[in-house]
Each structure stands twice: as structure tokens, then as C-alpha cells.
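Number of protein chains: 2
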Amino acid sequence: MLMTIDYAKAAGLLLSNDDILIISHMNPDGDTLGCAFALCRALIQKGKRARVICSDHIPSKYSYLSDGLDIQEFRPSFITTVDVADIKLLGGNLEDRYGEIINLSIDHHGSNKMFAEYNCVDSYAGAAAEIIYKVILEMGVSIDTDIANCIYTGLSTDTGCFRYSNATAQTYRIAAEMLDAGAESSSINTVMFESKSLAFLKLQQLCIDGMKVFFNDRCSVVTLTQDMYKKSGIDDTESESISSLARQVEGVYVGVTIRERENGKCKVSIRSHSPVDAAEICAKMNGGGHNRAAGCELSMSVEQTTQEVLKHIKQALIENGII
Amino acid sequence: MLMTIDYAKAAGLLLSNDDILIISHMNPDGDTLGCAFALCRALIQKGKRARVICSDHIPSKYSYLSDGLDIQEFRPSFITTVDVADIKLLGGNLEDRYGEIINLSIDHHGSNKMFAEYNCVDSYAGAAAEIIYKVILEMGVSIDTDIANCIYTGLSTDTGCFRYSNATAQTYRIAAEMLDAGAESSSINTVMFESKSLAFLKLQQLCIDGMKVFFNDRCSVVTLTQDMYKKSGIDDTESESISSLARQVEGVYVGVTIRERENGKCKVSIRSHSPVDAAEICAKMNGGGHNRAAGCELSMSVEQTTQEVLKHIKQALIENGII
Numbered sequence: 001m002l003m004t005i006d007y008a009k010a011a012g013l014l015l016s017n018d019d020i021l022i023i024s025h026m027n028p029d030g031d032t033l034g035c036a037f038a039l040c041r042a043l044i045q046k047g048k049r050a051r052v053i054c055s056d057h058i059p060s061k062y063s064y065l066s067d068g069l070d071i072q073e074f075r076p077s078f079i080t081t082v083d084v085a086d087i088k089l090l091g092g093n094l095e096d097r098y099g100e101i102i103n104l105s106i107d108h109h110g111s112n113k114m115f116a117e118y119n120c121v122d123s124y125a126g127a128a129a130e131i132i133y134k135v136i137l138e139m140g141v142s143i144d145t146d147i148a149n150c151i152y153t154g155l156s157t158d159t160g161c162f163r164y165s166n167a168t169a170q171t172y173r174i175a176a177e178m179l180d181a182g183a184e185s186s187s188i189n190t191v192m193f194e195s196k197s198l199a200f201l202k203l204q205q206l207c208i209d210g211m212k213v214f215f216n217d218r219c220s221v222v223t224l225t226q227d228m229y230k231k232s233g234i235d236d237t238e239s240e241s242i243s244s245l246a247r248q249v250e251g252v253y254v255g256v257t258i259r260e261r262e263n264g265k266c267k268v269s270i271r272s273h274s275p276v277d278a279a280e281i282c283a284k285m286n287g288g289g290h291n292r293a294a295g296c297e298l299s300m301s302v303e304q305t306t307q308e309v310l311k312h313i314k315q316a317l318i319e320n321g322i323i
Numbered sequence: 001m002l003m004t005i006d007y008a009k010a011a012g013l014l015l016s017n018d019d020i021l022i023i024s025h026m027n028p029d030g031d032t033l034g035c036a037f038a039l040c041r042a043l044i045q046k047g048k049r050a051r052v053i054c055s056d057h058i059p060s061k062y063s064y065l066s067d068g069l070d071i072q073e074f075r076p077s078f079i080t081t082v083d084v085a086d087i088k089l090l091g092g093n094l095e096d097r098y099g100e101i102i103n104l105s106i107d108h109h110g111s112n113k114m115f116a117e118y119n120c121v122d123s124y125a126g127a128a129a130e131i132i133y134k135v136i137l138e139m140g141v142s143i144d145t146d147i148a149n150c151i152y153t154g155l156s157t158d159t160g161c162f163r164y165s166n167a168t169a170q171t172y173r174i175a176a177e178m179l180d181a182g183a184e185s186s187s188i189n190t191v192m193f194e195s196k197s198l199a200f201l202k203l204q205q206l207c208i209d210g211m212k213v214f215f216n217d218r219c220s221v222v223t224l225t226q227d228m229y230k231k232s233g234i235d236d237t238e239s240e241s242i243s244s245l246a247r248q249v250e251g252v253y254v255g256v257t258i259r260e261r262e263n264g265k266c267k268v269s270i271r272s273h274s275p276v277d278a279a280e281i282c283a284k285m286n287g288g289g290h291n292r293a294a295g296c297e298l299s300m301s302v303e304q305t306t307q308e309v310l311k312h313i314k315q316a317l318i319e320n321g322i323i
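As they're listed, the protein sequences go chains A and B.
Position 37 (the first sequence) corresponds to 37 in our numbering; numbering is contiguous.
Position 250 (the second sequence) corresponds to 250 in our numbering; numbering is contiguous.
To be clear, the hints were calculated from the coordinates, so they are not data collected in a lab.
Warning: the hint list may mix true and false statements.
To be verified - Distance ranges between label pairs, derived from CB positions:
#, chain 1, residue 1, chain 2, residue 2, range
1, A, Asp6, B, Gly210, 53 to 59 angstroms
2, B, Gly321, A, Gln307, 43 to 49 angstroms
3, B, Asn216, A, Asp18, 49 to 55 angstroms
4, A, Ala283, B, Asp180, 31 to 37 angstroms
5, B, Glu319, A, Lys196, 23 to 29 angstroms
Said to hold, decoys possible - Here are a few chain A residues that sit away from chain B, every Cβ distance over 10 angstroms (derived from the structure):
#, residue
6, Gly47
7, Asp67
8, Ile87
9, Gly110
10, Lys196
11, Gln248
12, Lys284
13, Ile318
Said to hold, decoys possible - Computed, partial: chain B to chain A, Cβ under 8 angstroms:
#, residue
14, Phe162
15, Ala175
16, Ser195
17, Gln205
18, Ile208
19, Lys212
20, Phe215
21, Asn216
22, Gln248
Note that CB positions come from ideal geometry on N, CA and C, so glycine has one too.
Kindly generate the complete structure, drawing on both the sequences and the hints.
Okay, structure coming up:
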């Protein structure tokens, strides 16, 4: 396993290469995409050819991140991943195609597998965008409005709009720099956090109706079945932010959202309050993530998944002296 | 009308007086209370006697702001208001009692009536807490964890957790300073924004069920009747955050929440997206507030209130070329 490299070294690697392919993680979020397009724009500003790829469709709400960027065609000679903890998270055929030839990984997950030739990993960063900001500063890039919007998007989305404990003083300071550079923070936050379709609000309602609580109301479980998706007319991507609902109930330490997939598997999102570690619980079911937000996927029915998840949560609640 | 004074002058006034009464506005929020208790703690640190009063009950979720503060008894010799734009907003009998003898007003509302002997008003500040921070720095106060928690609460609550356009680079920078001083940002945000009782979630559901849209879906109206309060078992204070619901619907420029009071009057909250000015709309109904969040109270039935409010909103939407 290689040690992590510093920002200056990462910047040097990027500057001394060209035709750079940037890969985000699958099921892309604002942090991985904000990082990818900020880095892409920075490299182009430095006279390089660069492009971003993702194994999944990029939801339209993120389209402003790539506004005005032409897709550059080239045979990659340097491959970097952003906000990717494990090559399994590249998704699609990207793991097979690139998994073993990644030159540089820029990431903030404590669980990072150090899979690249060079790994620039800083788990102190609340968002991977904090690291990208520091790397592109080292590259001598001037932060324009487009880059500022990309970085702000990463900071804001990965910290629940500065709400969660991973937002540190550094996160706030970089956000201030991005506002000074012209980041349209309030428009970005409206798109990322406020705008909800009526279909979404109806789905949320179905979820509240069906919400179940366990272990002296310390754990709540929301289930989204294929039937509920159909009833509300919403897709899986749009339903992502339902994940925070379960944890919002007063007194709850662990909020679980179970999504039934079309392929019969179940996707589990776990959000927790301190001291319960969501990543630890998910690790027991071959998943992972952050301390307060993690996930896993189980090849079981909704009922079996619920039982399996509750078993591990009960253990965690007991270990933490909560029940 | 007296001109506004600078932070240093405000600090000087506070330092050269003693037995200081600090008054928040009625229906207190996190900013007015955060300011009041931050200032109170700062004054006590400087060896003064000081206490905070508010004409309304302070909701229990704010109790940490005053933790460990003893109520000091004295006959006030210097009176200051925080985050109060108009003496009408003192509420209860405080307008009669103190309205004409306020020595210092510290505020960030552009609509401030400059009612005090000295007015330290900076409408650039996203939260009044930004001004309090600067004033107490000028006073030579050392920002301890308690003061940091008070100021962070003001910053976060008045900007919708840094989501709205009033959160400037300055807001983020002061938040970073507060985190460095020990502010428990994530716990505060959990209490202020995340914890919702099941009763609240049920009320939210009743609101979504009854939500009406007008003017090509550019305006949405949520109505809370006394009957709905009774059904959900929630009180008026706890229902405050429902106000943001109406504006959350995709495509909506103006979100209206109408609350039926026990006295038969109706309280109206208007939230808008740029370019619609919520304060301008409310001013036409003898109310006021900020550009994106304002309110008023009408002595009419819910139906009459709805018609009156819609009339002014229609005009604003036409003037802004939205319909």
C-alpha cells in the first residue's frame, strides 16, 4: 500500500501530464461531480486536455457544473479518480477497464483503499471538494465563477448544506472564498436542497405514513417499494434525499431507508446521530460510507433486509449504551 | 432621525455603561436570541450586570443559549435592543414601557426605523449575529464556547443554515471563527433544523394535502387552521418552520403560509425566490421583513386573507414579468 501524497505533489503530477481522464463514483453526487468538473476546468485553464466520465447517468440538476465545457476526445494518458474510496465504486465496466491503471486518486474517505499509483487522501476534509480546492490552488489555477460553483456544490452537498458535523471551520472558510470568487450559493442550494416536485412531496408523505420505529423509538425505518415509486411517479435518483427523513424524527439515533430495486435487491441507507457509527453498521453488511451516513445493498426481500439491518442496529445501540 | 454608528462606537457605549437590559423581538428566533445571550455573556465577562428580556415565551429548544446564566436583578440604566427593526416588534407591554427610552439598537434590517438614541444598523449583515460578533470583538471580549454557540445559532438560523442568499462570505467566515472557538455547530443545527416531532411531520402532511397553487403554479399557499393544530397536537411555535414548505415546490416563486390564530386573526408568512420581493408584498399589508422572507397579520378570516394576499402577489408576479 502506498502512502498518501500531499496537495503539492498531486498538483505537480497533474501539471506534468496531459490528456487526463477524470472519473467520478457511480450514483454520482454533488461532491464527486463538483470535484470532477472543477478539476476538469482547472486542467483546461492550464492548457491541458481533460474530460469527465461517470458510469451512471448524471442527473439534470447537475448540468450547470459542465455548462460551456466541450467534450474533449483523446486517448487518456493519465487517469485520476475523485471522491472514490474503492474501485468497486467506479461502477459499470469502469472497474474492469480502469481499476488497475489509475494514476491518481483524490479522496476524503477514511475507508479509502489506496488503490491508485498515487493517493492524495485526506480524511479530515468534510468534502472531497476541499482537497480539490487545495490541489488546484497549488496548480496556480485562478478560481473563476464556474470553478467556484463546482467547488461550492461539493462543499454544500456533502455537508447537508453545512449542517452536519463533517463541516469544519475549513469547509466554511473555503466556502467564503468561493463566494468571493462568485459562487452562486443561494441558487445552487435552492436546486440541491429546496426544489422538490409535488411528486416528491407525495412520496415523502407515503414514507411518513409507513414509517416504523423500533428499540424505544431510537431507530426509525422508512421503506420505499416499487409500488410507491409507481404511485408517486418519481425515480430512484430523485428519491435520494428521502434518506434524511428517517433520522429527522426526534429522539432517533439511527434512521434507515430501504429502497426496493427493480432487480429485486434492496438498497439500504443509514443515517445516524453521534455516537452511533453508520459506516460500522454498513460494513457488517459489505457496505460503507461515512460515520453519519453510509449504505449497503442486500440481495434479499424488503422484509428480510429489514430484519437483517435491525439486527445490526440493535447491536450498535446496545454497544453504545442507548438501549 | 439619527445616523447609524459604527461597531467601535457601539462597543464604547456598552463598555461605558452598566446595568444593561437587552431586549429581543417578540416571537423570538435564533438570531435575536443568539444576539441577546451572546451580548449578555460578553457584558458579564466584562464585569457588567446584564439580563435579557423577551415579551414572548422562549421556546425550550433555545434553552442552551442561556445555560449557566444567572438572572441578574437590577434597575436598568442602559437599554439595548438586538435584531429589532421597529419598536412595534418589542411586543407585549414592552413597546409602551421601553419604546421611547432605548439607548442603543443593534440590527441588520434595511427597514430599521432608527428608533433608538444610537443605532448601529448594518443591512449588509446576513444575520444580526454578525454585527454582535463585531461589536463584542471591539469590546475586547474573548469568544468562549458559550458565546460561540450563541453567535453560530444566529448565523445559522437566520440564513436557513447558510442556504439563503443573505449568507455572504462574511457569514461563512464568522461561522468558521465560531467553530474554531468551539461552537457545537452540528448539534445546534440538529436541534434547529433536523429534529422534528412525529406530530410535526403529521402536520406537514396535512399541509401538503391542502396545498393550493395559483398563477400557473408560480404561487403556492399552505393554510394552517386551528382545527389542523388540534388534529396534529402541535403548537404555533413549533409550526414556524412550515413556512418554508410552500416555497419548496418546484417552479414556485412565492410560497405563502397562512396561520389561523386563536383570536381569529391570520398570520401570513411569505417566502419568495428572486426577483420577487416578499418584504414589498407584505409592506402593502402593513407587514415587513426581508427580501426573501417577510410577514404580516390581517384581521380577516382565512378566506378573506387568502384573497387579499393573492391580490398583492398577482400584482408582484405581473410586475416581475413572471405571469
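| query | Is it the case that A/Lys284 keeps its Cβ farther than 10 angstroms from each residue Cβ in chain B? | reply | 25 angstroms, holds
| Taking the least C-beta to C-beta distance, is B/Ala175 closer than 8 angstroms to chain A? | 5 angstroms, holds
| At a threshold of 8 angstroms, is the proposed contact between B/Gln205 and chain A supported by beta-carbon distances? | Holds: closest Cβ of chain A sits about 5 angstroms from B/Gln205, inside 8 angstroms.
| message | Between the beta carbons of B/Asn216 and A/Asp18, is the distance compatible with 49 to 55 angstroms? | response | Holds, since B/Asn216 and A/Asp18 (Cβ atoms, about 50 angstroms apart) stay within the stated range.
| query | Against chain A, is B/Gln248 within 8 angstroms by beta-carbon distance? | reply | Holds, about 5 angstroms.
| query | With d taken as the least Cβ-Cβ distance between A/Asp67 and chain B, does d exceed 10 angstroms? | reply | 19 angstroms, holds
| task | Find the nearest Cβ of chain B to the Cβ of A/Ile318 and say whether that gap is larger than 10 angstroms. | result | 23 angstroms, holds
| Once the shortest beta carbon distance from B/Ser195 to chain A is found, is it less than 8 angstroms? | Holds, because the Cβ-Cβ distance from B/Ser195 to chain A comes to roughly 5 angstroms (cut-off 8 angstroms).
| query | Has the hinted range 31 to 37 angstroms been met by the Cβ atoms of A/Ala283 and B/Asp180? | reply | Holds: the Cβ-Cβ distance is about 32 angstroms, inside 31 to 37 angstroms.
| If you take the shortest Cβ to Cβ gap from B/Phe162 to chain A, is it below 8 angstroms? | 5 angstroms, holds
| message | 53 to 59 angstroms was suggested as the range; check whether the CB atoms of A/Asp6 and B/Gly210 agree with it. | response | 56 angstroms, holds
| So does B/Glu319 sit 23 to 29 angstroms from A/Lys196, Cβ to Cβ? | 27 angstroms, holds
The structure does not agree with the numbered hints 2, 10, 11, 19, 20 and 21 stated previously, though it agrees with the rest.
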